[in-house]
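No gaps in the numbering here: position 30 of the sequence shown is 30 in the numbering used here, and each next residue is one more.
One should not assume that every hint holds.
Restraint ranges, calculated between C-beta atoms of paired labels, are given here [as the list claims (entries may be wrong)]:
1) D86 x K50: 31 to 37 Å
2) E21 x D45: 18 to 24 Å
3) D86 x A44: 28 to 34 Å
4) K42 x P84: 28 to 34 Å
5) D64 x P84: 18 to 24 Å
6) D86 x T9: 28 to 34 Å
7) Y53 x E85: 28 to 34 Å
8) I73 x N51: 17 to 23 Å
It is worth saying that the hints were derived from the structure and are not from the lab.
The C-beta atom is built at its ideal place from N, Cα and C for all residues, glycine as well.
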Amino acid sequence: MYYDPVNVTYIKDYILKIEFEDGTTGEVDFRNVIEKLKPFRKLADSEIFKNVYIHPELKVICWDNDLDYDPIILYYKANKIPFPEDWGEVA
């Protein structure tokens, strides 16, 4: 599906550049995610954060500590698309 990430690159701090199957590319800052979502606090260690990759079967960005991030939310953030109101708060 066009939401699937096909390439992810660490830029700096907690920012990733992500390319999607539909050819769009954008940057996502994970600082808010790390601060708000307890399981993601492990990513505050920059060495862990830098080890991001795309899971070959699930087509999601992952880290070695078994964390992954929803590709649809990632797509919206990278492409600066407003979240639908019925999604509630999205970190």
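Hint check:
The hinted range of 31 to 37 Å is satisfied by D86 and K50, whose Cβ atoms lie roughly 34 Å apart. Between E21 and D45, the C-beta spacing of about 30 Å breaks the proposed range 18 to 24 Å. Remark: the range hint 28 to 34 Å for D86 to A44 is upheld by a beta-carbon distance near 31 Å. Between K42 and P84 the Cβ separation comes to about 29 Å, which falls inside the hinted range of 28 to 34 Å.
Checked against the hint of 18 to 24 Å, the C-beta distance between D64 and P84 comes to roughly 32 Å, which is inconsistent with it. Take D86 and T9: their Cβ atoms lie about 32 Å apart, and the range 28 to 34 Å holds. Look at Y53 against E85: about 33 Å separates their beta carbons, and that is inside 28 to 34 Å. Remark: the range hint 17 to 23 Å for I73 to N51 is upheld by a beta-carbon distance near 21 Å.
When each numbered hint is compared with the structure, violations occur for hints 2 and 5.
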